[in-house]
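2 protein chains.
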Amino acid sequence: MYVVIVYDVNVSRVNKVKKFLRQYLHWVQNSVFEGEITLAEFKRIKEGLLDLIDENEDSVVIYKLRSKPKRESLGIEKNPLEDII
Amino acid sequence: MYVVIVYDVNVSRVNKVKKFLRQYLHWVQNSVFEGEITLAEFKRIKEGLLDLIDENEDSVVIYKLRSKPKRESLGIEKNPLEDII
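Chains as they are written, first to last, in the working numbering: chain A, 11 to 95; chain B, 11 to 95.
Keep in mind that the hints are not guaranteed to be accurate.
Each pair may be met inside one copy or between any two copies, as identical chains are not told apart.
Listed next, the in silico DSSO-like pairs over lysine-lysine satisfying Cα-Cα at most 27 Å (straight line) [as the list claims (entries may be wrong)]:
{"id": "1", "residue 1": "K56", "residue 2": "K29"}
{"id": "2", "residue 1": "K26", "residue 2": "K80"}
{"id": "3", "residue 1": "K56", "residue 2": "K26"}
{"id": "4", "residue 1": "K78", "residue 2": "K28"}
{"id": "5", "residue 1": "K53", "residue 2": "K80"}
{"id": "6", "residue 1": "K26", "residue 2": "K78"}
{"id": "7", "residue 1": "K74", "residue 2": "K88"}
{"id": "8", "residue 1": "K26", "residue 2": "K53"}
{"id": "9", "residue 1": "K56", "residue 2": "K74"}
{"id": "10", "residue 1": "K29", "residue 2": "K53"}
Calculated directly from the structure, the hints in this document are not laboratory data.
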């Protein structure tokens, strides 16, 4: 499956979340990752995020897509997908 | 079409971008909007964003989906979709 993950977490935890997601996904820009993952990876990501975030304060939204979506980029690409995929 | 828009723009422009996108889309969390729009609205959004951002410094990514994607939310929902849709 292809996921786009956006997070809005307290600054004290934001680097841990970023480091964790980097193991599985492509960093797009501030607080956004995307990439193709397996169902097993999806479960690991969810569990890992739940360990890292404060569920009473932080927010993470995972968009679950069948395949890589069409995307349009305005301005600069902070981390171009073409470089790694 | 259904879009998820994420932006990473200079703090001096971030409020203008947020105000602009709020006219068309649902605010999800910091720097993320989503919603169902027409092709005409999509064009207006793109033009509006290009007017507001500095293309040499800011980054906006528009994910274009056929319909509302499956989504999973961890932690709090900063602005629950159910409230308005």
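| Which earlier hints turn out false for this structure, listed by number in ascending order? | none
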